[in-house]
Amino acid sequence: MNEQVQVQGNLNDVQASPIKNKVGSIFIPVRDIEKSRSWYCRVLGLSEDKCPILNGHLCPLPMEGTGVILDTMPMWGGSEPGGAPSIQTPAFMLLTADLEGSIDYMKNLGVELVTDIEHDHWFVVKDPDGNKLMICRE
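Residue numbers (my numbering): 72 to 209.
No lab work stands behind these hints: they were computed from the structure. Wrong hints could be hidden among the right ones.
Stated by the list, open to error - Below 30 Å or equal to it, Euclidean Cα-Cα: the simulated DSSO-like pairs (lysine-lysine) are:
#, residue 1, residue 2
1, 106, 197
2, 91, 203
3, 178, 203
4, 93, 178
5, 121, 93
6, 121, 203
7, 106, 121
8, 178, 197
9, 203, 106
10, 121, 178
11, 93, 203
12, 93, 197
13, 91, 178
14, 121, 91
Whole structure, please, built from the sequences with the hints as guidance.
Printed below as a string of structure tokens:
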């Protein structure tokens, strides 16, 4: 039997939505919350004491604008042997006014580069869990 579901409204119609046009936070899946906190704090120039670990698996990073939360994601595969899957395609970008200085900084930290500077505008790195992050010129 082929049932069809009646959809109310048309997606092309502009309607009032209770969902805001605003990103609250981005979650990054990590396996070792303390190791990841240290890595992100070094990369972002943050003090670890300003980045508390909550409930044993969450670490909100103090950011300008949209938040970033490191999470071992116990509900989403984090308790599996390999942990939650890493982000294989950059899902967001971190901004810089000094692209060349940023790639040199990452190299000095020993961060794994996925690309060199591309189009004089961005490059991609991997965090310790294999998540790909884009660093982009403002």
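A quick look at each hint next to the structure:
1. 106 x 197: holds, 14 Å
2. 91 x 203: holds, 27 Å
3. 178 x 203: holds, 15 Å
4. 93 x 178: Not satisfied, since the Cα-Cα distance of roughly 33 Å exceeds 30 Å.
5. 121 x 93: Answer holds: residue 121 to residue 93 is near 25 Å, not above 30 Å.
6. 121 x 203: Holds. Residue 121 to residue 203 sits at ~24 Å (cutoff 30 Å).
7. 106 x 121: holds, 15 Å
8. 178 x 197: holds, 12 Å
9. 203 x 106: Since the Cα atoms of residue 203 and residue 106 sit roughly 17 Å apart, the hinted pair holds (cutoff 30 Å).
10. 121 x 178: holds, 25 Å
11. 93 x 203: holds, 23 Å
12. 93 x 197: holds, 26 Å
13. 91 x 178: violated, 38 Å
14. 121 x 91: Given pair residue 121, residue 91 holds - Cα atoms ~28 Å apart, limit 30 Å.
In the structure shown, a violation is registered for the earlier hints numbered 4, 13, in ascending order.
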